[in-house]
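There are 6 protein chains.
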Amino acid sequence: MFYTDNKLQFPVRVERPDPLFARALQQAIGGVEGEIRVAMQYFFQACGARGNPKFRDMLMNTAAEELGHIEMLATAVAMNLEGAPLSLREEVAADPVGGAVLGGMNLKNLLSAGLAAMPVDSDGVPFDMSHIYASGNIAADMTANVTAESTGRVLAVRLYNMTDDPGMKEMLSFLIARDTMHQNQWLAALQELGPATSVFPIPNSFPQDKEQQEFSYAYLGFQHDGSEPAPGRWSEGTSPDGKGDFSTRIMEPLGQKPVLSPAKPGGGAQVEQEQAQPPV
Amino acid sequence: MFYTDNKLQFPVRVERPDPLFARALQQAIGGVEGEIRVAMQYFFQACGARGNPKFRDMLMNTAAEELGHIEMLATAVAMNLEGAPLSLREEVAADPVGGAVLGGMNLKNLLSAGLAAMPVDSDGVPFDMSHIYASGNIAADMTANVTAESTGRVLAVRLYNMTDDPGMKEMLSFLIARDTMHQNQWLAALQELGPATSVFPIPNSFPQDKEQQEFSYAYLGFQHDGSEPAPGRWSEGTSPDGKGDFSTRIMEPLGQKPVLSPAKPGGGAQVEQEQAQPPV
Amino acid sequence: MFYTDNKLQFPVRVERPDPLFARALQQAIGGVEGEIRVAMQYFFQACGARGNPKFRDMLMNTAAEELGHIEMLATAVAMNLEGAPLSLREEVAADPVGGAVLGGMNLKNLLSAGLAAMPVDSDGVPFDMSHIYASGNIAADMTANVTAESTGRVLAVRLYNMTDDPGMKEMLSFLIARDTMHQNQWLAALQELGPATSVFPIPNSFPQDKEQQEFSYAYLGFQHDGSEPAPGRWSEGTSPDGKGDFSTRIMEPLGQKPVLSPAKPGGGAQVEQEQAQPPV
Amino acid sequence: MFYTDNKLQFPVRVERPDPLFARALQQAIGGVEGEIRVAMQYFFQACGARGNPKFRDMLMNTAAEELGHIEMLATAVAMNLEGAPLSLREEVAADPVGGAVLGGMNLKNLLSAGLAAMPVDSDGVPFDMSHIYASGNIAADMTANVTAESTGRVLAVRLYNMTDDPGMKEMLSFLIARDTMHQNQWLAALQELGPATSVFPIPNSFPQDKEQQEFSYAYLGFQHDGSEPAPGRWSEGTSPDGKGDFSTRIMEPLGQKPVLSPAKPGGGAQVEQEQAQPPV
Amino acid sequence: MFYTDNKLQFPVRVERPDPLFARALQQAIGGVEGEIRVAMQYFFQACGARGNPKFRDMLMNTAAEELGHIEMLATAVAMNLEGAPLSLREEVAADPVGGAVLGGMNLKNLLSAGLAAMPVDSDGVPFDMSHIYASGNIAADMTANVTAESTGRVLAVRLYNMTDDPGMKEMLSFLIARDTMHQNQWLAALQELGPATSVFPIPNSFPQDKEQQEFSYAYLGFQHDGSEPAPGRWSEGTSPDGKGDFSTRIMEPLGQKPVLSPAKPGGGAQVEQEQAQPPV
Amino acid sequence: MFYTDNKLQFPVRVERPDPLFARALQQAIGGVEGEIRVAMQYFFQACGARGNPKFRDMLMNTAAEELGHIEMLATAVAMNLEGAPLSLREEVAADPVGGAVLGGMNLKNLLSAGLAAMPVDSDGVPFDMSHIYASGNIAADMTANVTAESTGRVLAVRLYNMTDDPGMKEMLSFLIARDTMHQNQWLAALQELGPATSVFPIPNSFPQDKEQQEFSYAYLGFQHDGSEPAPGRWSEGTSPDGKGDFSTRIMEPLGQKPVLSPAKPGGGAQVEQEQAQPPV
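Chains as they are written, first to last, in our numbering: chain A, 2 to 281; chain B, 2 to 281; chain C, 2 to 281; chain D, 2 to 281; chain E, 2 to 281; chain F, 2 to 281.
Treat the hints with care, since some could be wrong.
A pair holds if it fits inside one copy or across any two, identical chains being indistinguishable in the list.
What the hints assert, rightly or not - In silico DSSO-like cross-links for lysine-lysine, where the CA-CA straight-line distance does not exceed 27 Å:
#	residue 1	residue 2
1	K211	K8
2	K170	K55
3	K211	K55
4	K170	K8
The set of hints was computed from the structure by calculation and includes no laboratory data.
All chains should be built: construct the whole structure from the sequences, respecting the hints.
Quick look at the structure:
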């Protein structure tokens, strides 16, 4: 169950509203690296968490935090849109630099939302909930969260560098700090589950002797000239899960040339497809 | 540039075609955990890789591998669909267990594809390329790849447990082994970039003194009763990036109650919204 | 800013887990009539609310309520999935009625989420945030909310009638009651804005003398035989906004036959399209 | 069955083609507030209408009208695109204001459509038919239609204010008038179904004594400090459906802390999730 | 401008309602091979047609026909859903074959539409307007229409073979006949534009001497072993556009190994990516 | 199985990087006319090909070619983005023409990808795999491929005309040449299947005497005034499939006025819908 106090987690100030920066900020709301994604991802991971209940509680606690980040960013978008032109004529009267504003801003922020934020990315593409990764495997979920916060911090840094508005820089320096924490939080949660050698390969509940083990630690090569593929830490030494030694293997096809049965009569294929000889 | 030899990486055999299992296999083709995702993700990461060129080469090499996995799975889907009923009448004649086949299978595999595979998930939802994470930050990309292979192996294990067809189990035991390798491969690639303490927080190019550092390693609490949130490795000890010590902090709102300006006349709001007093 | 207490708003009990009902419940989570939609819709309407601040506060307050409804339903889905078969073989052993379970349940609930809820609808289609209507016009928003709660209550009633599990019926009777309240809440919010005659037509800030007023209250007929279209309250009497009297008018084309200019050379059309005579 | 006469319902004139305005107009074609939405929504509501057949006829009649509106707007988009630059070089030669044209226009209007309209919104996002609300409940459908025409008129007003082309203003003044009529038409259709007290809560076929009635007219509070939520018409007086009196209630969790069963062995979770103690 | 008469183009009768067949029919409404697609595709092609106006008129005339087909199919879906179970209990009481009905039918047809049709495909995926191909090149449009009617007839044939309801077979035999006509209609429209040798390659307005002509009629080989690719009509003889002779060429890379510049400082990459040596 | 050599099929050079042209090029990667589409379409058609195996081999061979085209274009996008501004301030300092760059470029190319390519179109909309047409009917597939290469060449020509960078023009002249070949290749593949008179109507496996043959070659008229629709090659002479003679027929409704049964009690409709008289 959730509660609110209608206040912002951290101050949101905009000294010089900039509709183009509003468009950029939309990526942090509705982009795949954005805050809707992490809020809903931690929420659904919490709802489906099986096993040690502390994970559920921790995930839901941080989901609450991320909801507040959406609120901050949506406020920032609306503030940056204040003063945006409503008409092409209004724009023409503006200075040359400003002349690109209506063309450069996201028109839906005006046309659909009346100068406010939307759950869309910087190109106006709506966020799609298929990006909520909640796998039922708590370790896999933690890796997804590290990814989310890594790409999220990359995005926040790009936004920080894009603007020179002091208020916006301050807000982003808070969000960047939180991304720092959250990257560490999910890495620490992986450690809570055990050392890498007991967590990986994920899921650790599948007996590895059922794998085709000659391929479990082989870096396979698919170079046209049959040469070895680019070597690195991934081609030599002990594997990070501690259960194998990396090797390199030039791959050759082990399987057949696939031949399907002729088309089944009545299945809407051409007659010639139905009359082909069945594979032997 | 790519080449093909029209053969399969590993044998694909189906002893007892099962249209319902064909539907399940579609998740491994067009699901967010599936093979189109990894093939295209490594491909686009390679195309945008800046810095040490060995990453580009390694990524493109493994993209080629994953293309072959799509081919294997698409063949497996088509084989599992052979013998599927084309009509409701045909179904009625079947045994009681089989009676659920046409209802349970993905109808588009028949109606749109003529008993063959499609780039959709197990519910017939087409794969959407927004799931290709290629961030321009090589470390963030590696975390995304660990996630992809972790959720991918979880999926492959579920499919392995779902079927008892020996051919399908054999094919999946190969794919599970490759997921084992690839989890390790991307973890190793992170190690190639340096120890966690130099890689994290991602991006490592942003000076942390510009962060609001009091929040960089604080596990914030958002519990309604003001209690501490669920403790764990994430709330005490040194952070995995080695740059801070975890602490817990009950969060209170530091920002204002957000008040936007009145609606701009001409902007399509109600009159009453335009006439509100501006915020002070 | 948001807080949580990790408890459920209302008890969620499942006496006889039913994976097919889990699939149906997904519609109430990630369907267009579902709880993600209302939670996020009220949230974004609040964030963009201009004018009287009580609307922002009220919207955010109810957004918090709806977040708790997602949590309840996600719990219900996970509980209904407990006991679901993991394999086709496991299913075969089940009773005839249960024989349809694995075919009828949403496979992604198993394959992607490990027997837990996802932000998708009953067919596994992910929720898409374009359904969040937050127009910047507070009256239009209230109509959108009446719609959301009307279709939401229709859905909840259908789910109530679909199950005979006492726990599920109890939970749904709570959600149906809340939908009753919320329909009334948004209708009342419209009344708060003034009587229909001052609220409509939305937006009330556009001077109606700029409309083509002969068409503002005319029910236009497009019947092939030139007859009057189906009459009703909409074709006679005073209009609900009190500003006109309904009439009926058989429509005839008032505009030209559209003729575009020839294709611009260099624009990728066929030569013949470029050489057409320009319209006179 | 449908017929056409290849003429426009109302004149479409463009005096000064403006590719940026063409992009804005796309929102009225393929945006969620646009004409494809209403045309298809009324069409599908008509096709599924059960009960009094006059609703079907009226809905299909107005669907025919809206198809003509798409045609008008698509013509307007094509006309506004005439004269758009085909090359970056062509643009450089243009005046400073025009200098932003190719950057500001929707490139797909050129690249995919050859300077013509597309079924996309102002950001080039294709219209998605999940926005067609046709619920099988005629009253819920009418509320959805009021919403569609309210947001539609808000959009048309914003477009009207954006342009100063006399032809475009004339066309939009017609469409705004039709939105006025249609808002009234659907409100009137609700009245045709009976007074609010018999129509609401929707659906009116569910016996309210099966609801958890103590929550049916309570405005619930979720404020973190336990204070009353923002009061209004929605918290006092008789409810608009006439069946209750509004009250305010500070909400507390009535349900349990959710605890799911341990992960099912074979389900792809971590071992630790399978070994958790089952909930008591 | 469009008109309607509320009658069906062709009789729609259902003797034995079948909810599973209703789901299959949805593919013909909202599938990519379905009737919404052709109706809207011809509509938008008409609206953007430049050049000889007879194409616009013909396209819009046939768009009107296709709208009537959606109406027929939506009626057929609703009729097939009559008698569908509303509850799991209702289902259990049914016969074994019927036991799979609620699991096999599209639940949204019940939950969202109240036993009526929706603009979705047979898996409940909403139709997405990006499938409307209207390129601004009339010849390319005609090829898209041949495709639409070819895949459309394949689908209709599969549906015909799936059912043994006489009414449904009769309706489908009409739709199949129309697909026959429309395939021929668009092929004839291509002929109207001239013989293949003047229409192709599309667009015929681009001077072929600007192509890299050594590749214009070469069938390129990408076989891993350097062998010739599978020969056929496409590798020998005069090309169908009459402008070249087919040949086969084993392809080798003509371009460089791509090397991008180091990451730009401030762009959110890792430090190591910024410090790489620039390409020479 | 696939192999790579990490080199480009054809040289990719950019003399004057242009971020706006990078955005345009995205359409050729992730647009519906782009290279992901053809690569994946030929790939899936190959995987599902039944009948003569030479089609499978030829399709997979050309799929390998198209993968290389994506690689070329992704490299071109990254090169055009080099030098793009990272900040609004950086932009202001630029020349007036350049002043529109950050507004005109696709912000996700910076914010999500760090100045590299993404699998999205020129408006940042991700490619959606529902555009992969692989019908199971080899002739229908070939028509889809002709369409893909026709719209693809139209797009490439528009891009060629948009830029004056010599390197980009050279690359596009290669891709245009390949589109010329591929249009011819698929037309030739249709010829390989037999003359049009044996291939059409597709599928040729459905006995035409089961069609409602009076409608199989009739060009139906839906003009409001009952006049003949626009005549052309499609209304007279022998049909391209050689099996009929075109005629024109003014269409009148042959079907009933559709009347559905009253709403089923318990189905969530209004009471009034349940109480309607059943149709006679």
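Against the structure, the hints:
1. K211 with K8: Classified as between: cross-chain Cα gap 25 Å, same-chain 54 Å, threshold 27 Å.
2. K170 with K55: Neither. Shortest intra-copy (35 Å) and inter-copy (30 Å) distances fail the 27 Å Cα cut-off.
3. K211 with K55: neither (32 Å within a copy, 33 Å between copies)
4. K170 with K8: within (20 Å within a copy, 37 Å between copies)
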